[in-house]
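Participant: Take a look at the letters that make up each chain.
There are 2 protein chains.
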Amino acid sequence: MAPRWKGKDAKSKKEAEAEALKEPMSKIISQLQSSLVQSNTCGFLSDNCVHLTVQAEQLDLLDKACFGRPVRIVEKDMYWFQLTVEEAFYLCYSLKCLKIKINVGADTGPLNDEELWHYFRSKKETFPYFYKAYSHLRMKNWVVRSGAQYGVDLIVYRHHPARVHSEYGVLVLSHDKDGDLNGRLRVWSDVHCTTRLLGGVAKTLLVLYVNKNGNNDESLLCLTNYTVEERTISRWSPEQCRERSI
Amino acid sequence: MAPRWKGKDAKSKKEAEAEALKEPMSKIISQLQSSLVQSNTCGFLSDNCVHLTVQAEQLDLLDKACFGRPVRIVEKDMYWFQLTVEEAFYLCYSLKCLKIKINVGADTGPLNDEELWHYFRSKKETFPYFYKAYSHLRMKNWVVRSGAQYGVDLIVYRHHPARVHSEYGVLVLSHDKDGDLNGRLRVWSDVHCTTRLLGGVAKTLLVLYVNKNGNNDESLLCLTNYTVEERTISRWSPEQCRERSI
Numbered sequence: 001m002a003p004r005w006k007g008k009d010a011k012s013k014k015e016a017e018a019e020a021l022k023e024p025m026s027k028i029i030s031q032l033q034s035s036l037v038q039s040n041t042c043g044f045l046s047d048n049c050v051h052l053t054v055q056a057e058q059l060d061l062l063d064k065a066c067f068g069r070p071v072r073i074v075e076k077d078m079y080w081f082q083l084t085v086e087e088a089f090y091l092c093y094s095l096k097c098l099k100i101k102i103n104v105g106a107d108t109g110p111l112n113d114e115e116l117w118h119y120f121r122s123k124k125e126t127f128p129y130f131y132k133a134y135s136h137l138r139m140k141n142w143v144v145r146s147g148a149q150y151g152v153d154l155i156v157y158r159h160h161p162a163r164v165h166s167e168y169g170v171l172v173l174s175h176d177k178d179g180d181l182n183g184r185l186r187v188w189s190d191v192h193c194t195t196r197l198l199g200g201v202a203k204t205l206l207v208l209y210v211n212k213n214g215n216n217d218e219s220l221l222c223l224t225n226y227t228v229e230e231r232t233i234s235r236w237s238p239e240q241c242r243e244r245s246i
Numbered sequence: 001m002a003p004r005w006k007g008k009d010a011k012s013k014k015e016a017e018a019e020a021l022k023e024p025m026s027k028i029i030s031q032l033q034s035s036l037v038q039s040n041t042c043g044f045l046s047d048n049c050v051h052l053t054v055q056a057e058q059l060d061l062l063d064k065a066c067f068g069r070p071v072r073i074v075e076k077d078m079y080w081f082q083l084t085v086e087e088a089f090y091l092c093y094s095l096k097c098l099k100i101k102i103n104v105g106a107d108t109g110p111l112n113d114e115e116l117w118h119y120f121r122s123k124k125e126t127f128p129y130f131y132k133a134y135s136h137l138r139m140k141n142w143v144v145r146s147g148a149q150y151g152v153d154l155i156v157y158r159h160h161p162a163r164v165h166s167e168y169g170v171l172v173l174s175h176d177k178d179g180d181l182n183g184r185l186r187v188w189s190d191v192h193c194t195t196r197l198l199g200g201v202a203k204t205l206l207v208l209y210v211n212k213n214g215n216n217d218e219s220l221l222c223l224t225n226y227t228v229e230e231r232t233i234s235r236w237s238p239e240q241c242r243e244r245s246i
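In order, the protein sequences belong to chains A and B. full-length UniProt numbering puts the first residue of the first sequence at 1, with every later residue one more than the last. full-length UniProt numbering puts the first residue of the second sequence at 1, with every later residue one more than the last.
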């Protein structure tokens with residue numbers, strides 16, 4: 001399926017595509033990275049997310065780069081912003097442009113990567129392989145958002161959701177330490193269900209299998225040994241392959 | 001959701017409903033039962049189904065009662081017909097109107113219920129609780145067909161599919177002897193996916209949980225101890241409950 005750019009007519013769709021090409025996601029993310037580093041931005045842990053206060057410029061860049069969501073205005077030109085645990089860890093650990101403290105008034109310095117890793121793991125059992133999947137897609141400049149609305153783990157956009165419809169619905173699978181496959185696609189009816197639903201909203205099912213390669217220890221180090229296998233699953237109609245003469 | 005009778009306009013939908021009321025499914029099934037008993041109909045085992053040859057009258061009744069599907073014409077006024085294992089066992093064991101031999105030319109008599117049960121079990125691991133679910137719905141005069149097209153196990157109609165759209169997509173769940181829940185709805189994303197897909201085609205998700213009540217032996221006797229718990233699962237929109245004043 002080709003990307004479906006947003007617009008009322010062919011011309012405005014072309015314009016959305018041209019604008020996206022002119023301002024690629026990699027460039028936006030670099031700008032966000034520089035801005036957060038310069039202002040020495042520091043977030044703090046909330047229960048299952050990370051909060052930070054940012055200025056109008058960063059609010060704009062976070063929105064353009066599709067990280068998190070604004071919560072409310074704190075004071076003039078200061079905005080309260082909420083990141084998912086994967087987004088926060090990506091900005092801290094992979095992009096090195098965000099620091100995170102244990103709470104808003106903490107006198108102690110920011111947590112190091114290993115401490116954050118353990119905190120997020122403790123809050124969300126699936127964090128290690130969900131983070132691997134998230135960062136795997138982000139590093140390839142895909143925009144990644146929650147897929148709850150479509151009954152999948154993530155949805156993936158070629159550029160900002162205001163410019164283009166998402167192309168993939170993603171399920172993240174892995175084996176736990178007992179060898180059980182977590183969650184989905186264990187039976188045929190689930191494969192049917194997922195591909196049919198996503199097909200109906202013009203998305204393709206992308207399965208990311210995170211292979212832990214035998215690393216069942218709990219440290220951040222094991223993340224570097226994880227590998228990702230990618231598969232797309234589509235419906236196939238027998239008519240596609242029938243010879244015209246039959 | 002109200003039943004959606006088929007028709008081009010309101011008038012023909014009303015007619016479809018009136019016809020269905022005039023000729024209830026219980027009556028059609030009684031006619032099929034009498035006809036098959038009178039002609040001493042005998043099918044034979046195929047790999048994962050049962051085949052039988054029937055005359056035009058029974059072909060018509062099988063179609064009206066929504067059992068199986070015609071395969072081809074054998075000779076003038078004789079039709080080759082195919083039943084699923086659940087349909088065949090329902091006609092044999094519950095309605096006592098079909099006999100089944102081991103193969104088409106067998107000199108031996110028909111198999112008894114226990115022999116059939118073991119044969120179907122050996123061909124389809126899920127047969128015991130799928131049969132329980134199938135017969136549970138059929139005995140309440142629902143028409144039951146495969147739900148593969150919608151990524152569920154079964155779909156359920158109030159009357160013949162020519163007259164009415166199906167109302168429910170059914171998933172059949174049970175615990176196997178190790179205590180594992182077979183298949184579906186183990187994670188939230190699957191619940192989302194299934195309800196969203198079925199909602200999109202105006203069906204409700206019906207979950208039939210077959211409780212084996214500790215019966216893990218393999219004989220037909222255990223079937224009588226199985227019980228069925230029924231749940232429907234629907235999407236809920238928060239707007240439904242919001243007070244108008246807010």
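Hints are not guaranteed to be accurate.
Unchecked claim - Covered by chain A, per the in silico footprint, the following chain B stretches (three or more residues, Cβ under 8 Å):
| hint | segment |
| --- | --- |
| 1 | 139 to 153 |
| 2 | 180 to 186 |
| 3 | 196 to 210 |
Everything labelled a hint here was simulated from the structure, so no lab data went into it. By construction, the Cβ of each residue, glycine as well, lies at the ideal position given by its N, Cα and C atoms.
Participant: Now look at each hint and say whether the structure bears it out.
Facilitator: Hints versus structure:
no.	hint	verdict
1	139 to 153	holds (count 7)
2	180 to 186	holds (count 4)
3	196 to 210	holds (count 3)
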